[in-house]
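K.L.:
Below are the chains, spelled out letter by letter.
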Amino acid sequence: MNSFVFTMRLIKKRPLRSLLTILQIALGVWIVATILTMNLQAQDQVNSVLNHFGENIIRLSLQREIMDQGSIRGYQGFSLSETDLIRLKQESTHIESVFTVEPAWNAKLKAHGLTYQVRGLAEVTAGTISALELKLLEGYAFTDYDQEQGNLVALISTDVSKQLFPDQSAVGKTIELESLYGDEYLTFEIIGVFEPINPLLQIFFQEMTIIIPLDSRAKTTGTERIHRANYSNVYVKSYPGSAHAAVSDAQVILASDDYNVNADYLSDTGRMFTSAIMGMSLFLGVFAFVAIIISSVGILSIMMVNVVERTREIGLRKALGASRFSIVIQVLYESLVFALLGAVTGIVGSVLSNRYMIDGLLKDFFFQSMQDLGQFHPWAAVYSSGLALIMGAIFGLYPAIAAARLPVVEALREA
Amino acid sequence: MSFLFNTAWALRHCRKRLFESILIVFVIGLGVAVIVSILTVILLVQSQMQSVYNYEWIRTFRVYSAASFSRTTGQEPILSIVQERPQEPLQVSLSELKDLERSLPTGMYVFAEQTMSFPSRLLPKPAEEADETLGSYYETIGPASMSSQGTTRVITTRSMAVSEESIVIVEVQPDVDGTEPLDAEAEAVETEQQEADALVQLKSMTLDQYITMREQYEYINMVGTTISYFDFKQYRIAKGNLFVEADIANGSRVMVLSDQLANRIFPDQDPIGQHIPIEIFGMEQDVLYTVIGVLAPFEENESFSISMAFGEYPAFVPITAMPSSWTAGADQETLLDNFVIGVEDGIDLAEASEIIQAEIRQRYGDLGIVDNSYLVLTEQNNSSYSLYIIIAIFASLGLVIAAINILNLMLARVLRRTKSIGLAMALGSAKSTVFGQFLLEAVILGLTGAVVGIGLSFALVKGIISKLILTEISFGITSIAAGCGLGLLVSLLFGVYPAYQGAAIDPVDALRTE
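The listed protein sequences correspond, in order, to chains A and Y. With numbering that gives the first Met the number 0 applied, the first sequence corresponds to residues 0 to 414, in that order. With numbering that gives the first Met the number 0 applied, the second sequence corresponds to residues 0 to 513, in that order.
Since the hints were derived computationally from the structure, they do not count as laboratory data. Where is the CB? At the ideal position from N, CA and C, for every residue including glycine. Some clues are possibly wrong.
[As the list claims (entries may be wrong)] With a straight-line Cα cutoff of 30 Å, these simulated DSS-like cross-link-like pairs (lysine-lysine) come out:
| id | chain 1 | residue 1 | chain 2 | residue 2 |
| --- | --- | --- | --- | --- |
| 1 | Y | Lys466 | A | Lys362 |
| 2 | A | Lys12 | Y | Lys418 |
| 3 | A | Lys134 | A | Lys107 |
| 4 | Y | Lys15 | A | Lys12 |
| 5 | A | Lys134 | A | Lys109 |
| 6 | A | Lys12 | Y | Lys430 |
| 7 | A | Lys11 | Y | Lys15 |
| 8 | Y | Lys418 | A | Lys11 |
[What the hints assert, rightly or not] So these bits of chain Y aren't anywhere near chain A, every CB distance computed over 10 Å:
| id | residue |
| --- | --- |
| 9 | Leu3 |
| 10 | Gln268 |
| 11 | Asp285 |
| 12 | Glu350 |
Could you build all of it, start to finish, from the sequences and the hints given here?
P.N.:
As structure tokens, then:
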């Protein structure tokens, strides 16, 4: 404690110099903390999905390689049927649920007399809603019964709700969606509003902003509703830890000489995403690295100046019997205090600027679909201040040793 | 003389605190290096973007029929508004095209341009190439089913290798009721418009026959057009003649070959007067076109954009001789639903765009849409500015820190030399001399740092970045000037205050204090 007060007194003696030194370090820490915050927040969001769904969600598809003279020339995909869904669920003990998500690309929507193009309209089985643990903020989800009856009901995300029904509850309102044949518009009742789905899930499945029961858009006036008997993909949720067993079960159940049963794991997409985040952080990290090096050299040079200026004092202390070690500690302590004060300033600055830097500027280029990347992340603060302290220690060591090596007699003689 | 003396004085002081000076030079060098490297890369990107504006395709404005294309506006994340389409299609006769060209400023050419590709038996693929050049296509194959062990499955996707490395899979929506096997039928959903046109004629051909045809033969890319096209493109004719107005009026089946097509089909003969059979799916017999001319070889820089637009073997025919025009009957009143306005090099594109939009609006109202890559690219360029802002903030941070360092160390030097400054002043040194000396010292350090930085960045750009992005990066005078300028600016800006502090020293106080 005594040495801290002593160091603070030394620092206060040259207020402008100390302020500038702290500012230097703060800028270096600021950039490191900003980049780390974004990285760690993005990683956390990906990991939260991965930890939650683990490796349990698998996409199954049937595919045949088109071979020509021993090399693969192309691929042919095959549909899965409703029977397949039922068999998968019934015949495997490792599969918790089976569901499908069928994309409806570029479907059109009419509301308030305007025509919109929908990004992210998905036709799903009722099981999808529970399998993905969709969080409903209002209303309720549709069920298997709705799907069987062909009820025209829809769930919309808060984004869509904000856009179509600003400042009012969307539940109970209606939207018109283009039918599967594109020949008419069907009126869907909105029965629930859900929280935006995690971007990782949206990459694995598809963007989902409006969710309707499977086949509901196939309804045509006057004729019997036709089932979409074929799905391009089927998704399987396995019991925890048995993803691979579930896949082998599926491979046996769907086995045929004509095609292979392909399995894509959610965790693979997660890993892809993680490495994309890393790559992006590395690119920005180069700038941060240079900045932190420059500010460390700043500590080094200013500590050298301090030592030179205090040559006489140090000589006196040594003449009075101070050990070399205590001199080293004193100088090192000073540079560490600089580093600490700089780190605190830098982290505060980063917390204040993150809303603009990350949520405003950086996110647009890399993770548009992620929310709140600029939120304070404790580990970002710990890592960046730790880095500052380590750099302070390393670059303060040389001036400290130089001070300790000063010959007593010459130091005292120095004017 | 006094400048030289001052420089020597400043240098001596720098040497006195050698380690400190080296550190200053080092940090400024690093800061400058980052900025100069980034600047060099950004300049490269910018100049490549600029060079795009010289391409011919960016100088063309295509006018479409609004009725056949739905446009979306707004950049909302979820939904974008689809503008109501007019019911009536755009219909422009060939004589109207000429009229439009007359009313536009000189240097703007109005012409028809339709392209269709046909595999031709005159262009068999060399056997050894067949594997690699499968052709860059992907397709969506519509409802077709196969039975497999009692279960009927629908083929949902089919993709063929584009090359050995890359495979494109395009998904197709399964048929609603896929249990009923349908004839193999190709349905172009995602393919380009021109391919869609060609594919419409595919009905009578089975899928396998079609794929075999595509695999065995290369394509003739037929471009149906009018006379102004050649004026705009400035294609020169090497042999024979271009087609004339009468050919367009009559729909004569005449053809002008590109140099590479002529060389491929008629390596040893005179192509003029020869007949080129075009196989059109669904037609019983081949259609014969008479060769009337051969174009001069395209220049190196042209051939890339031409092969991008028309494939490797383009051939030019009157617009009225295109298969799509046959049913309409051919004369000056042949109607088109799209055409192109080409703008000569040297005319400002932003201005041209406005003139063209106004003219089209006046003539055709809402029926026509003007589409141009220039407008799209300009928009994209503008949106990348905020990326530049981020990079600028991050890149300049190092130099800012280095500048603070200079300020700090120069202040320390002034403090340390208080006594000698006081002495110099007592002996008659002017304040301005002291000020100048300190400033000069800072500038020397800053400039040395800039030189080091430029050297570092030269090594970085040439040695690492250009190897990473596989592009030769020229290290221009702009980068060097910017580096020196930055070093000078930083040292001047942050050297002024310490120099002022030095000059403000009172000799009496300075000499009295220990």
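K.L.:
Hints first: check each against the structure and report whether it holds.
P.N.:
Going down the list of hints, with the structure as the test:
Our distance criterion of 30 Å between C-alpha atoms is met by lysine 466 of chain Y and lysine 362 of chain A, whose separation comes to about 28 Å. Between lysine 12 of chain A and lysine 418 of chain Y the CA atoms are separated by roughly 19 Å; this keeps the pair inside 30 Å, and the hint holds. With a C-alpha separation of about 25 Å, the suggested pair lysine 134 of chain A and lysine 107 of chain A falls inside the 30 Å cut-off, and the hint holds. For the suggested pair lysine 15 of chain Y and lysine 12 of chain A, the alpha carbons sit about 25 Å apart, so the restraint of at most 30 Å is met.
With a CA separation close to 26 Å, the supplied pair lysine 134 of chain A and lysine 109 of chain A stays within the 30 Å bound. Between the alpha carbons of lysine 12 of chain A and lysine 430 of chain Y the distance comes to roughly 27 Å, so the proposed pair stays at or under 30 Å and holds. For the given pair, lysine 11 of chain A sits about 28 Å from lysine 15 of chain Y by alpha-carbon distance, which is consistent with the 30 Å threshold. A hinted pair counts as satisfied when its Cα atoms are at most 30 Å apart, and lysine 418 of chain Y with lysine 11 of chain A qualifies at roughly 23 Å.
Against chain A, the non-interface label of leucine 3 of chain Y holds: every CB pair exceeds 10 Å, the least being about 28 Å. At roughly 35 Å from the closest C-beta of chain A, the C-beta of glutamine 268 of chain Y stays outside 10 Å, upholding its exclusion from the interface. Chain A leaves aspartate 285 of chain Y outside its interface by the beta-carbon criterion, the shortest separation being 28 Å against a cut-off of 10 Å. With a closest Cβ-Cβ approach of about 31 Å to chain A, glutamate 350 of chain Y is found to remain outside the 10 Å limit, as its non-interface label requires.
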